[in-house]
Structure formats: C-alpha cells, structure tokens
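A.B. asks: Quick mapping for you: the protein sequence lines, in order, are chains G and H. 3 is the number of the first residue of the first sequence in my numbering; add one for each residue after it. 159 is the number of the first residue of the second sequence in my numbering; add one for each residue after it.
Hints are supplied without guarantee of correctness; some may be wrong.
[Stated by the list, open to error] Which residues of chain G face chain H? A few of them, derived with a C-beta cut under 8 Å, are:
1) Tyr34
2) Arg45
3) Pro46
4) Glu97
5) Lys102
6) Phe105
7) Gly107
8) Gly108
No wet-lab data here; the hints were simulated from the structure. The C-beta atom is built at its ideal place from N, Cα and C for all residues, glycine as well.
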Amino acid sequence: GENVEQHPSTLSVQEGDSAVIKCTYSDSASNYFPWYKQELGKRPQLIIDIRSNVGEKKDQRIAVTLNKTAKHFSLHITETQPEDSAVYFCAASVEAAGNKLTFGGGTRVLVKP
Amino acid sequence: ETGVTQTPRHLVMGMTNKKSLKCEQHLGHNAMYWYKQSAKKPLELMFVYNFKEQTENNSVPSRFSPECPNSSHLFLHLHTLQPEDSALYLCASSHVQGGTGELFFGEGSRLTVL
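Chain G on its own, in the form it takes in the complex (with noise of 0.2 Å):
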C-alpha cells in the first residue's frame, strides 16, 4: 500500500518568512495530492491540492509543487502570519481506486509574531 512520509514534524518560523513542508510517498500509481490544514481544537480543512498533470499549483500565499518522478511533493507558505500556525497533513491516493487518502504524519507549524 501507499506510504507517505512527511518533514519536518515541526517548524517555527518567523511572522513573515517562508515555510517550507516536504512529502515523499511510494506508490507511483498515486496522482492526487491534497494537503490539510488542523488548527488547534479544529477539524482538518483542505486547503489546496494538485493533481499528477500539472507540477505546480497557487493559491494566493500558498504553493504545491510535485515531482512525479522523485515521488515527492511540497508545500510552500510565503509571508507567513500567525493564522498559518497550525498542524498540516499532506495525503496521497489514486483517484480512481476512490477516495482512499493515506496522511503523512502531520507538521506542527508555529508562526512567531
């Protein structure tokens, strides 16, 4: 089956720098690539994903770039503020086989004012 290992498991950074959080999986057959968002007390929320035929995707100050060959994929936040501190999951599956979504082990993220 699918694994998904997910670094770092924490990262502080400094209000208005960047974040950076990486993701490798193992099975190539994958091509949807979504990444949560879970604030503290929260339930996890999508925040943006990327599917296997394009290799970057934007969202206003977040980013996910994929490498299908090396089989790992990126988040990237740029001027981080203090909202962004929370816990990200990234998650691989292969769509047609459904909504089977293996999580990598999450990135607490703290963002110091």
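Starting from the structure of chain G, add chain H where the hints point.
C.D. replies: Okay, now just chain H, sitting in the frame of chain G:
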C-alpha cells in the same frame, strides 16, 4: 444544520462498556469515513463506505464495528475497548464521483478508555 456533525464530542468509557459514536452529513455526499487521530498516527483511515456499502476496512480490530444505514449517517459501535484506543475519532464525507475529492471532516469525538 450544515456540514458534518459528530456526537458525542467527548466520551469516557470503561473497558467493559458498549457505546456508539454518531456522524451525520448534510452535504449530499455519498461516501463516509472513520479516521482515528492519535499522537502515534495522526490521521489513520479505519473504514470507508461508498453508497452505504463498506469498501474499506483498514485492518481494524473487531471491537470497532461500523454501521452505515444510509448515505447521510454513519455510526461507530464500540465494545470492550482498550486504553490504547483512546483517541480523537474523526468522521468525514465526500463525493465518490464527479466531485473534487475533498474530504469534509466533523469536529471529532474525543474518546477516553479507562
């Protein structure tokens, strides 16, 4: 009410008790999921139901018994649990086909097994 709602939000039970967690979605989705969230494994898939049929049982012990009477409701029946089963149990829903693939999570049920 909209979205995915879970009850109870907190549950404390002894190892010999029988209890149930309930999940309800008002999003018109046809797939529902149970995830376990703990410090060891932050988001671990337990069960998947597509159109009320169970399509995934991720090697979950039989002391956890899911039930999906219709596309809007999902239960997790608990009996003779162990202390290591203490965790946050998250329900989620999504479209199976024709949607974005996004999972919509509930707030979770925090379970403590004494």
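A.B. asks: Min Cβ distance, Glu97 (chain G) to chain H: is it shorter than 8 Å?
C.D. replies: holds, 7 Å
A.B. asks: Would the stated hint for Tyr34 (chain G) survive a check requiring a Cβ distance to chain H of less than 8 Å?
C.D. replies: At about 6 Å, which falls below the 8 Å cut-off, the nearest Cβ of chain H leaves the hint on Tyr34 (chain G) intact, so it holds.
A.B. asks: So, as I understand it, the hint says Gly108 (chain G) touches chain H; can you test that by seeing if any CB pair is closer than 8 Å?
C.D. replies: holds, 4 Å
A.B. asks: Grab the minimum C-beta distance from Lys102 (chain G) to chain H and call the hint holds if it beats 8 Å, violated otherwise.
C.D. replies: holds, 6 Å
A.B. asks: So, Phe105 (chain G) near chain H? Judge it on the closest CB pair being under 8 Å.
C.D. replies: Because about 4 Å separates Phe105 (chain G) from the closest Cβ in chain H, which is inside the 8 Å limit, the hint holds.
A.B. asks: Just to be careful: measuring from the Cβ of Arg45 (chain G) to every Cβ in chain H, is the smallest value less than 8 Å?
C.D. replies: holds, 4 Å
A.B. asks: At a threshold of 8 Å, is the proposed contact between Gly107 (chain G) and chain H supported by beta-carbon distances?
C.D. replies: Where the cut-off is 8 Å and the nearest Cβ of chain H is about 6 Å from Gly107 (chain G), the hint holds.
A.B. asks: Under 8 Å, Cβ to Cβ, is where Pro46 (chain G) needs to be relative to chain H, so tell me if that hint holds or is violated.
C.D. replies: holds, 5 Å
Of the hints listed earlier, there is not a single one the structure fails to meet.
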